[in-house]
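S.K.: Between the sequences and the hints, there should be enough to build the whole structure, so can you do that?
Just so we're aligned, residue 87 is where the sequence shown starts under our numbering, counting upward by one.
Derived from the structure by calculation, the hints contain no laboratory data. Be aware that one or more of the hints could be misleading.
[Said to hold, decoys possible] Cut-off 30 Å, straight-line C-alpha distance, at most; resulting in silico cross-link-like pairs (DSBU-like, lysine-lysine):
#: 1; residue 1: Lys130; residue 2: Lys146
#: 2; residue 1: Lys142; residue 2: Lys128
#: 3; residue 1: Lys119; residue 2: Lys146
#: 4; residue 1: Lys142; residue 2: Lys119
[As the list claims (entries may be wrong)] Using C-beta positions, here's what the derived DEER-type ranges look like:
#: 5; residue 1: Glu107; residue 2: Lys130; range: 31 to 41 Å
#: 6; residue 1: Asp106; residue 2: Glu145; range: 16 to 26 Å
#: 7; residue 1: Asp106; residue 2: His131; range: 30 to 40 Å
#: 8; residue 1: Glu138; residue 2: Leu111; range: 19 to 29 Å
#: 9; residue 1: Gly153; residue 2: Glu118; range: 29 to 39 Å
On a predicted model such as this, the values are computed, not experimentally measured, just so you know. Glycine included, C-beta positions come from ideal geometry on N, C-alpha and C.
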Amino acid sequence: MSTLIKSNENLHDDFIALSDEDEILCRITELEKNLVDDLARKPKHQKLKNQEFWRKEIEKLYGMLEGS
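M.R.: Okay, structure coming up:
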């Protein structure tokens with residue numbers, strides 16, 4: 087069974103199907119890198135909405151791992 091997770095990287099309409107732990111872990115790694123990279127920017131150049139989205143998605147993905 088696949089789970090659809092909304093991606094905020096390119097278009098808000100993109101969906102990534104995550105069906106196993108490896109895919110979930112890769113997505114978490116990708117999101118955490120995005121977050122760290124954005125936080126490294128000067129505050130006025132940071133994307134706060136993206137940071138919030140990434141944090142929520144990371145939390146959901148960790149929840150999926152705990153539930154599997």
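S.K.: For each hint, tell me whether it holds in the structure or not.
M.R.: Here's how the hints hold up against the structure:
1. Taking the CA atoms of lysine 130 and lysine 146, the gap is near 28 Å; set against the 30 Å cutoff, the hint holds.
2. A threshold of 30 Å between alpha carbons decides the hint, and for lysine 142 with lysine 128 the separation of about 22 Å falls inside it, so the pair holds.
3. Between the alpha carbons of lysine 119 and lysine 146 the distance comes to roughly 16 Å, so the proposed pair stays at or under 30 Å and holds.
4. Taken as a hint, the lysine 142 and lysine 119 pair is honoured in the structure, with Cα atoms around 14 Å apart against an allowance of 30 Å.
5. At roughly 38 Å, the beta-carbon separation of glutamate 107 and lysine 130 lies within the given 31 to 41 Å, and the hint holds.
6. Taking 16 to 26 Å as the suggested C-beta distance range, the pair aspartate 106 and glutamate 145 conforms, at roughly 19 Å.
7. Between aspartate 106 and histidine 131 the CB atoms are about 36 Å apart, so this pair conforms to the stated range of 30 to 40 Å.
8. With their beta carbons about 22 Å apart, glutamate 138 and leucine 111 fall inside the hinted range of 19 to 29 Å.
9. A C-beta distance of roughly 20 Å is found between glycine 153 and glutamate 118, which places it outside the suggested range of 29 to 39 Å.
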